[in-house]
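Peer 1: Sequence:
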Amino acid sequence: FCLGEALFLKKDYPRTIEEIEKSLLLPVEVGLFPINQQKLKYYQLYLLGQSFAEIGKADRAEEMFRKSLTLHRDHYKSLQALGLLALQKSRFQEAIDFYEKAIAEGGRSDCSLANLGLAYRKKGRQGDAEKALLRSLEINPERQEALANLGHLYREKKDYPRASHCYEKALNLQESSLEIRLFLSDVY
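Heads up: the sequence shown begins at -15 in the numbering used here, then just goes up one per residue.
What the hints contain is simulated information worked out from the structure, not anything from laboratory work. None of these values were measured; they are calculated from a predicted model. Don't take each hint at face value.
[Said to hold, decoys possible] Subject to a maximum C-alpha distance of 25 angstroms in a straight line, what follows is the list of computed DSS-like cross-link-like pairs (lysine-lysine):
# : residue 1 : residue 2
1 : K115      : K153
2 : K85       : K73
3 : K23       : K73
4 : K73       : K6
[To be verified] Computed Cβ-Cβ distance ranges for the label pairs, DEER-style:
#  : residue 1 : residue 2 : range
5  : S160      : L9        : 41 to 49 angstroms
6  : S161      : L24       : 17 to 25 angstroms
7  : P18       : D143      : 18 to 26 angstroms
8  : Y144      : R(-1)     : 45 to 53 angstroms
9  : P18       : E159      : 47 to 55 angstroms
10 : C(-14)    : E140      : 42 to 50 angstroms
11 : E129      : A88       : 20 to 28 angstroms
12 : Y144      : R50       : 38 to 46 angstroms
13 : L24       : G90       : 18 to 26 angstroms
14 : K41       : C(-14)    : 34 to 42 angstroms
15 : R57       : L118      : 46 to 54 angstroms
16 : L53       : K(-6)     : 34 to 42 angstroms
17 : E140      : S161      : 17 to 25 angstroms
18 : Q72       : E2        : 18 to 26 angstroms
Using N, Cα and C, we set each Cβ at its ideal position, and we do this for glycine too.
Please put together the full structure from these sequences, using the hints given.
Peer 2: If you want it as structure tokens, here you go:
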């Protein structure tokens, strides 16, 4: 498992998968150091899920994340990962469900809130989207995705001054963003 974890940090995902799958087959031996077996199993499955996601095997990633959900209190990380997979597949209600549960169970972060806001926006829930995106920006005022999505939301509502303000702040964070420049020119 430790070798797989090190390989994951080096972004060698195929070898990560190989080593962690091996570790799942081995018995855990009692030693001098206590091991929380549920936590170990959780992180084995979680890292497998992340590795499968990185190499484009979303179905296998989803399978690993779902298997990990009942194993440890850190399962909100798997809920966040499942939310991201659902967003990528345009399954917006499913993404909302995963992110809401992750946030309720300890996974409140600027990234989770920004993704939740995007999912709400895609489902036409503008009020909920605005609240989630603003909460994301309270945590991290430099979350570019939240700024851009808030700009999109205001642009859709034809609130051009607020949209341009969000886009300008996002552009200050990444001046080379062609997408933000295009949306800002549309607002102007």
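Peer 1: Confirm or reject each hint.
Peer 2: These are the hints, each one checked on the structure:
1. Restraint check for K115 and K153: satisfied, since their Cα atoms lie roughly 18 angstroms apart, inside the 25 angstroms limit.
2. A threshold of 25 angstroms between alpha carbons decides the hint, and for K85 with K73 the separation of about 19 angstroms falls inside it, so the pair holds.
3. Only pairs whose Cα atoms come within 25 angstroms are accepted, and K23 paired with K73 is rejected, the gap being roughly 29 angstroms.
4. At most 25 angstroms may separate the alpha-carbon atoms for a hinted pair to count; K73 and K6 exceed this at roughly 30 angstroms.
5. Between S160 and L9 the C-beta distance comes to about 46 angstroms, which sits within the given range of 41 to 49 angstroms.
6. Here the CB-CB span from S161 to L24 is close to 41 angstroms, at odds with the stated 17 to 25 angstroms.
7. Take P18 and D143: their Cβ atoms lie about 56 angstroms apart, and the range 18 to 26 angstroms is violated.
8. Checked against the hint of 45 to 53 angstroms, the C-beta distance between Y144 and R(-1) comes to roughly 50 angstroms, which is consistent with it.
9. For P18 and E159, the Cβ-Cβ distance of about 50 angstroms falls inside the hinted range of 47 to 55 angstroms, so the restraint holds.
10. The given range of 42 to 50 angstroms is respected by C(-14) and E140, whose C-beta atoms sit roughly 48 angstroms from each other.
11. Between E129 and A88, the C-beta spacing of about 21 angstroms keeps the proposed range 20 to 28 angstroms intact.
12. At about 43 angstroms, the CB distance of Y144 to R50 agrees with the hint of 38 to 46 angstroms.
13. Taken as a hint, the range 18 to 26 angstroms holds for the pair L24 and G90, whose Cβ atoms sit roughly 19 angstroms apart.
14. At roughly 23 angstroms, the beta carbons of K41 and C(-14) sit outside the given window of 34 to 42 angstroms.
15. The beta-carbon spacing between R57 and L118, approximately 28 angstroms, falls outside the hinted interval of 46 to 54 angstroms.
16. The given range of 34 to 42 angstroms is broken by L53 and K(-6), whose C-beta atoms sit roughly 27 angstroms from each other.
17. A hinted range of 17 to 25 angstroms holds for the C-beta pair E140 and S161, which are about 19 angstroms apart.
18. Against the hinted window of 18 to 26 angstroms, the Cβ-Cβ separation of Q72 and E2 comes to about 25 angstroms, which satisfies the hint.
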